[in-house]
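Mind assembling these two chains? They're in different frames, but the hints should get you there.
Chain by chain, the residues run as shown.
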Amino acid sequence: MADSFDVVIVGGGPGGYVAALRAAQLGAKTAIVEKDRMGGTCLVRGCIPTKALLQSSELYSLAKGGAEFGLVSDSITFDWMVAQKRKTAVVDQLVKGVEGLLKAGGVTTFRGAGRLGGKGTVKVGSDMITAKDIVIATGSAVSRIPLKGAELTIDSDQILELKDVPKRLAVIGGGVVGMEFAAMFAALGSKVTVLEMLPQVLPMVDADLVNLYMKHLAGIGGAIHTNSKVAEVVKAKGGLQVRFSEGGEGGAVDADHVLLAVGRSPYTEGLGAEEAGVKLEHGRVVIDSHLRTTAQGVWAIGDVIGGIMLAHVASYEGICAVENIVGDGNRTPDYHAAPNCIYTDPEIAHVGLGEKEAKEKGLDIKIGKFPFVASGRALTLGQSEGFAKIIADSASGKILGAHIIGPRATDLIAEATLAIQNGLTMEQLDLTIHAHPTLPESLMEAALAAQGRAVHIPNRRASTTPPPALRATSPASGEDQAATSPASGEDKDATTPPALRATAPASGEDQAGTPPASGEDKAPVVTSRAAPVQNREQMVASVKPPTAPPHPTKITPKMLELTKENRDFLLKLHRQMQFIRRFEERTQEQYTKAKIGGYCHLNIGEEATVVGGIVPLQLTDYIFTSYREHGHAIARGIDPKAVMAELFGKENGTSHGRGGSMHMFDSDLRFMGGYGIVGGHLPLATGGGWAVRYKKEKDVVFCMFGDGATNIGAFHESLNFSKVFKLPVVWFCVNNRYGMGTPVEAASAVPDIYKKACAYDMESIQIDGMNVREVLLKTSEIVEKTRADSEPRFIEAMCYRFKGHSVVDPDKYRSAEDKEKFRKADPIVAFEHELEKSKLADEEYFKKVRMEVDAEVQDIVKYADESPEPKVEDLYKYVYADEWEERPELRGDPL
Amino acid sequence: MPEEKLYRVALREALGEEMERDDSVYLIGEDIGKFGGAYRVTDGLLDKFGADRVVDAPIAEEVIVGTAIGSAMLGLRPVVEMMTINFSLVAYDQIVNNAAKIRYMFGGEANVPLVIRMPGGAGHQLSAQHSHSLEVLYGLIPGLLVVAPTTPEDAKGMLKSAIRTNNPVMFLESMSLYNVRGMVPDGDYTTPLGQAAVRRKGADLTIVGVSRMAVLAHEAAKQLEEEDIDAEVIDLRSIRPIDWPPIVESVNRTTRCMVVEEGWVTYGVTAEIAAGVQERCFDHLDAPIRRLGGAQVPMPYSLPLEKASIPTSEDIKRMARLVVGRKNDA
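These protein sequences, in sequence, are chains A and B.
Residue 880 in the numbering used here sits at position 829 of the first sequence, with consecutive numbering throughout.
Residue 1314 in the numbering used here sits at position 9 of the second sequence, with consecutive numbering throughout.
Just chain B, same shape as in the assembly (with noise of 0.2 Å):
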């Protein structure tokens, strides 16, 4: 029977059940073991796969990266966990210039199946070097896969995939969708890559949602509902390759579109879309496309400054109805 399960633990599943079929998979990161990982993703499996297999690193991101990657190279297949998103950037070099470049620069001569799970968004009041959300950072690399699942079902489906590609990925979790609830499959399946996933079919616009902000849009669209607005909800899932194909058929039913990410929309990920729509739908489009992100500032601490930064559901219906054409009271 399929139950609901917290997305943390579809998560943990994955890791296990992966573990359990594959021998040369092992996780590698800080504290993941003892403690639990600062997330408690990873809670138990130490106890369960040994010490070897579950091993807690050093606090020295650019090593446990280069570790899992020269390991990759000779056949394991380590899932790295970065404690956040923000560590990660310690370990950017190892990603960029080997992780994404090693397989071409050898001339396909070696592949790095490498996953590296990092938990980005904000909201918890962690300011400015804890909270981040930087999927662009990613996204722009070629020789990296990146998806941010947003269901405990995707999250673990998903992450079965990752670990089975013989390409490095990058998987973006969200700290807030950490204990987020949602019906799993029994047994044994995948989710694949690389696809977009339409949320609720809609008839007045396309909203196309990046990570969490897929959840608040799918939210807001019902929302929207007694407002006689009928949102079409895209949840991008694969931020590199990105899915046009439901993106471009949902906008051309639609003839309107908006974007919404946590991060950054100068350059970012809602930047990269509204250009692809822009491109594929431009004789289809009723109304220019719409970015909504979070504010331009490193994320500050204090609460109503934080709260102000982050788009919300709210955020979103103001959008909306801006898309269709409609009036905003407030």
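Next up, chain A with everything else stripped away, as it sits in the complex (with noise of 0.2 Å):
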């Protein structure tokens, strides 16, 4: 007998039980499976007892330091066992708590695996289950890796179990887990070895704040070795050495225990999610905005789709999963204000963007630190040690992100993440009365310091700090200048991995151009995540260069008026197409170097098209595109790093260099590619909406081509076939007046090539293509307009491409007198014309941008000379999918 539910939760965990408690709130019949207890890893191995324990090794410390606060003991001693058992009890009372909320919520239980049957179905033991909807919350399983002598070490479920206190243990991997495992250690009384292979303990914290905490490790006999990879764990001395090389230099640890943490992996063993057309990528469930799987009806939260692996974000995905499915069906997560707590000593917590982050986006910024030592609470707790800061956007005011470290930093991030979350400003949050004495105090002091009008420390000259595109238009920012870096870059490379790809930005806002207080920024929304993400660490690190597009959330007239309050806006794009211009022109310089070879078309002369077509899209739109194509990569903010390592070929490549010039691709900015075939994409494109159709989403698919296309079949067949489906196309042509040596007029029966589309009776507008505003503004209306009802529309943006069809093309075809008139076009200088009318910037600003864009492509040009081929045994990868990848019968080898 089939018991039969509305949804069926797989998976006991923070994710599961509390999607299940939402589901059955909200009416629906509801079930989970739980294999183990009842809370899942977050409660029985993970945050819970390790807490537990901390908590014991943390009294231990004030208690040894008790003499001090008047607390007088002969000896104090520590009973590990005790802890133990204390952990323990800890443990069960909140499982039995999930337990009895579960069955309190009228949630029915099932023990066992559950094992997805297909057709809604999920089979526990003999039981059979059927359901409408499933969610996968099956969370995660510690990660192993290829070590000599793994067997030795022990993980964090099994240093949990340890039945006394090591005297040395050797850490492997200085992300959370570890170094919340060597906290607690290191004040009980071991002597803890940190090994790290990256150049930083916790990477996703600011440096400032590892800094301090290694500090204090330090000062307890602890020790980290940073840029130090582990060779070998080996038996010796009656216990353990790790042989370890940092720097180039071998070293030695011995240990009792060694603990491999190396983060974890989303845990789908014995699932059958495949078999069930449930697609994973690196052993996670692929998951698209909404959390659905590839499998109808199956949807998937928490650690087991990878992404930020914490507890209380899946609980949060399972609540929107759960909406999704019983609700109103719309809910897509938004992570921009996930909080990360770490439970050092002192406690580590941060939210939102990073200091370095920030600046790496070239943010401008403001920053304001209080230190614990002048808060009256901390000095009453003993507790001292640390700092909060506040990073917030200059202009606006509105706190971007806060890294605490320090006494309860952990529970004080809350308010900065309700602020976070809630877009408040600064002056929001030190106009709101704070109770003295307490911590929390700290954190609105910080708010003031940034502002210059902190009350309990002495204020600082303002600390903003300009990005690039400002600083030379503020006259009296001379000394920021040294401050800030020339867009080098240098540190970031060293943490990057080799094969660099383009991560979607952290956050979908974009200061200048969102609307305050709007309340729907979102992030942005990637039909799948970043590769496999074991180390949330990884995930953290979101390396954008100096020049990053712009991504408003919205464009509005008045965000283009040439007007102070959109200067930032504005310099944006100006720098960006600026970058692409240097981008293209350093291109066909490594071209003529034989750096770069095929065939190369370059985007110069077309950057009003390129960025005023490209800004104005949501990160969720779909985008098709010709072979001419590298600034529209770039604008889309594919990391023009990855762009440079493909035009040489190179592994790191967005096309892991089998594309080439012509065929760069990014599926989580859903940069669907560009091709070499005149035309050919279109019908591509037209499945692009097709499918967004299909799927009922709002997304747009936006086509870009030249005017040659536009006499080919395909041309015709595709804007017939969007027009007869309604499917939500923006057709955009960029006229740039030749296809490859030909005119328009002596190649198109109807030069006004916009008129073409109306034979399908769609809309269809001509712009100037070379002035910026006017592109981004009427293609974000057509844009929207299509959005908004699904009908397809058409754009003739009329520009000129000064360089030849490709790099080989000696462009004897067009006039000299031709070619000057619409060099005085030039829409960067036609810009900057406009920039420099309107106060907003002036030629020494240009000129320095163009030095620094310079400096920056320079770098990107020595990263992909850098880079690594592809490797000629890998020739045949890629060419099938799956079991058909690397077939040898599919090679014709003989033989």
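Hints listed in this document are in silico derivations from the structure and should not be mistaken for laboratory results.
Certain hints may be false.
To be verified - Simulated crosslink set (DSS-like; lysine-lysine; CA at most 25 Å straight-line):
#1 Lys218(A) x Lys170(A)
#2 Lys1465(B) x Lys746(A)
#3 Lys1310(B) x Lys1353(B)
#4 Lys1339(B) x Lys330(A)
#5 Lys170(A) x Lys1339(B)
#6 Lys1310(B) x Lys777(A)
#7 Lys747(A) x Lys1310(B)
#8 Lys1465(B) x Lys646(A)
#9 Lys1353(B) x Lys746(A)
#10 Lys777(A) x Lys1353(B)
Stated by the list, open to error - Some chain A residues well away from chain B (every beta-carbon gap over 12 Å; in silico):
#11 Ser112
#12 Phe129
#13 Lys174
#14 Asp208
#15 Leu263
#16 Gly323
#17 Gln502
#18 His507
#19 Met723
#20 Leu733
#21 Ala736
#22 Val752
#23 Asp803
#24 Tyr864
#25 Arg874
#26 Val880
Note that CB positions come from ideal geometry on N, CA and C, so glycine has one too.
Written as structure tokens, this is what we have:
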């Protein structure tokens, strides 16, 4: 007999049980399947037990220093087994609590491992449950790495079960788990040594916090080796020895136990996911923006989908998924204010952007810091190490991030999280009455400090860090310039994995373009999250070049007015155009040096259509484009390093060196490729529009092509098809007046190309493609109309390419006067004139931008040049997918 | 209970079951909905699944195939019906330059889970532009999987596999096979792509047949029994990749080989098989490998001329006798 439910949740962790309770609240007949104890890793083996033990170690530390507080005792000893027993009791109580909640909520519990049976069924042992919707919440398991002697190590599950406190503990991996155990055992008297491969432990935390923590750990006898690669673990001297190399030199640490803490991996063992049509990628379940998997009626949340692998994020996703199933069906998780808490001593917590990340994004920020040594409450607690730091947008004062190290930092972060989630400004925070004496006062003071109005510490000159774009125009900023390194980015490279891929910006909002308090800012929703995320540390490192394209959530005519309020946004557009210009010029140079081969089509002269066409799109929109697409890729936000590396044919290019100049691609940014057959990608864009309509989504497909493509059959078939089926496609023709060497009039019976779309009864406009503000505004209007009514529309942007069709084109078919005429209309020069006339920037500034972007591009060229070539043994990789990849019979190898 | 079903019905069941199983599967083609498909394969599916999933497209093959590819890149699983293989030439650019290459040229960052079904072959007086066997045009292209099932069981099982793989599959049907009956297993089963099938064990020679010619070869082999010729028949089933092990094993045993296709033998699938067998089995061969194919003319309209252009089981028997060193009477 099969039990049937509305919703079945597979996995009873913090994602699963919360989802189950919410589903039941919403009136769904709900079941939950759990093979172990209710509460999952968090309650049984993770957050809760470790925090219970940390409380013991913290009390022990405090008690040892108790004399100062008047706590007089002859000897204080620590009984590990008692601490363990208490930990177990806490866990038991919480597990029982969860079970009780589920029961009271009317959720049916099935004990055993759940296996998807397809068609809305889940098998649990001999039980067969059916459900209209299934939510996979199977969590994650400890990651293992191939390491010689790994069998001698213990993992984070096993360390919780130790029978005594080790005298010497070595920790491999300086992530959150590793550092928390390091802190705990160091406090209990273990000699702790941490070995981390990267230049910094806790890489997602700002360096000033980490430095302070490292000082503290060193003070109690711990040691941290960064840049250290572990070679092996061996048995030695009645214990173990970890051998490693640190910056090329060999080293060894003796230890009684070695903790291997290299992250966690999504757990789907025995779930039968793929058999049930649920696509996995590197072990994690692939989901769409609404948390749907690839199988009908199957959803997934929490660690099993990768991304931010934290309990509270899982709970949040659980609620989103269930409300999509039972509720209004339109919740997409927004991660921009997901806090991260690290229970070291002192505690560390952060939310939103860090200082480093904000600077890398080129944001104009203010920073305020308040040390706990100036906090009355911290002094009374006797815990005055650390500080609170607030990062905010200079212009609007909106709080972008908070980093705290110090007493109860993990609790303090809640206020900052609330502020960021709701788009509050520093002023709104500091005008809120904070009780005295309490620790949260420190956040208020940090907010005041950032505005130069701190009360309980001396105020420095406002610590604004001007982004590169603003430096030259503010005449008084001479001192600041020295402080900001000009876009060199060397330090980033050190932490960037060799296969650098573009990552979606951590937050979809753009300060300049966001109307304040719109309440609609959403993190970009990507089709699939970036590759296998095992350490959440890796995931936080979103390396953006200094010149990153702006991604405003909305374009309004007001935003494009040449006024002071809009200066930041306008200068960003200018810088982006200039960056693409310089990128293409250097590309041409590298081509003549034979570093770049094949055909190479440049966007020089078309920058207004590139930036103006792409910036108005949402990050959830899709782009299909032609072979002249280097600038398109960059304007979309693909890392220019990956674009240049692709031009160099390198493995870390956007297409791993298989595509080259004409075939850039990035699925996360929905950049669906550059194509080399004139007009051949228009049917694909039609298909993109079909898929969006089919899935009933609100995205727009933006298809870019040249004037030449409008004479081909595929163009007419595609326009017709898109209109017949009402597909949300915007056809964007970049009319640069020549199809290779043939002028439009000589090739097209209708030289006004926008008129061709009239044959298919669609709205069609012609715009000035040399004017970036016009392109931006008109494109935005058309795109948003199409989003609203799912009708295809057509834009013809009139422009001119300054170079030949491709780099090898001698360009003899155009007259010198013609070229001169359009040179004068250079979209960048024209925009600079506008900016200058409106007193938003001056020639000195433009010169500076040119120099800065050139420095950036030179670094990029260097990066591409030094990047690895694809391996010849991987020649056949990528021809076929899945089980057909690299099958010898598909190569035609003789015998 | 497994029952006998028509080849076209087996295909229809595969489509219906896969659409039922997976919402991302949809059909697109010319007159496949209201009209029910030129060969009635999709008959009735429109009523069941609606116009969003059984799409009557304009007669515009390039955009049909391009739409399918683009939507596949965004996660759908389109199954295209080309009314006949001849029309696929209009979409050849999409198939070769996009479907087959997208995964590779984007370094594995995109997949194209696409099936294009199309009937080939001749024999209905449809003349030059509606009668073609173009296996070789697709078999040539890296990035594609190409199959040609010949039985109702395979038609259903292989179509399901084709819909489920993340690779583009050219699914070559034969207009003369749609009315063939055969046993079809019950329930949800799949037949793997990429595998040849030994249809008849034999000791004297190996006949490798492509598409409908595998069926004729089987008939011919049964008749050759009376002449004391024991032919092994291998149904190639997969044009790309070619499943060499059963062919090699067979030829090494029988020491003689002939290959039959409906298309043109010069540069044909038979040329590829013959070359491959020669490379792999040279030391075992006791006779030259022979090839049989359609007459190298555009398909004529006249019935007697058309008949003369398509290999028959008599032709196969005649060549088999030659390969085993028997005299042909006539």
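Status of the hints after comparison with the structure:
1. Lys218(A) x Lys170(A): violated, 54 Å
2. Lys1465(B) x Lys746(A): holds, 22 Å
3. Lys1310(B) x Lys1353(B): holds, 20 Å
4. Lys1339(B) x Lys330(A): Between Lys1339(B) and Lys330(A) the Cα gap is close to 33 Å, so the pair fails against 25 Å, i.e. violated.
5. Lys170(A) x Lys1339(B): violated, 28 Å
6. Lys1310(B) x Lys777(A): Violated: Lys1310(B) and Lys777(A) sit about 39 Å apart, past 25 Å.
7. Lys747(A) x Lys1310(B): violated, 37 Å
8. Lys1465(B) x Lys646(A): At roughly 46 Å apart (the allowed maximum being 25 Å), Lys646(A) and Lys1465(B) break the hint.
9. Lys1353(B) x Lys746(A): Holds. Lys1353(B) to Lys746(A) sits at ~19 Å (cutoff 25 Å).
10. Lys777(A) x Lys1353(B): Since the Cα atoms of Lys777(A) and Lys1353(B) sit roughly 23 Å apart, the hinted pair holds (cutoff 25 Å).
11. Ser112: Since the minimum Cβ distance to chain B is about 50 Å, Ser112(A) lies beyond 12 Å and the statement holds.
12. Phe129: holds, 53 Å
13. Lys174: The assertion about Lys174(A) holds, with a minimum of 16 Å to chain B.
14. Asp208: Fine: 34 Å to the nearest Cβ keeps Asp208(A) off the interface.
15. Leu263: Leu263(A) clear of chain B: closest Cβ-Cβ about 41 Å, beyond 12 Å.
16. Gly323: holds, 15 Å
17. Gln502: holds, 45 Å
18. His507: Given a closest Cβ separation of 53 Å, the condition holds.
19. Met723: For Met723(A), whose nearest Cβ neighbour in chain B is about 6 Å away, the distance does not exceed 12 Å, so it is violated.
20. Leu733: For Leu733(A), whose nearest Cβ neighbour in chain B is about 7 Å away, the distance does not exceed 12 Å, so it is violated.
21. Ala736: Ala736(A) is in fact no farther than 12 Å from some Cβ atom of chain B, at 6 Å.
22. Val752: At about 8 Å from chain B, Val752(A) fails to clear the 12 Å cut-off, so the statement is violated.
23. Asp803: holds, 24 Å
24. Tyr864: At about 27 Å from chain B, Tyr864(A) clears the 12 Å cut-off, so the statement holds.
25. Arg874: At about 34 Å from chain B, Arg874(A) clears the 12 Å cut-off, so the statement holds.
26. Val880: Holds, because the least Cβ-Cβ distance between Val880(A) and chain B comes to about 35 Å, which exceeds 12 Å.
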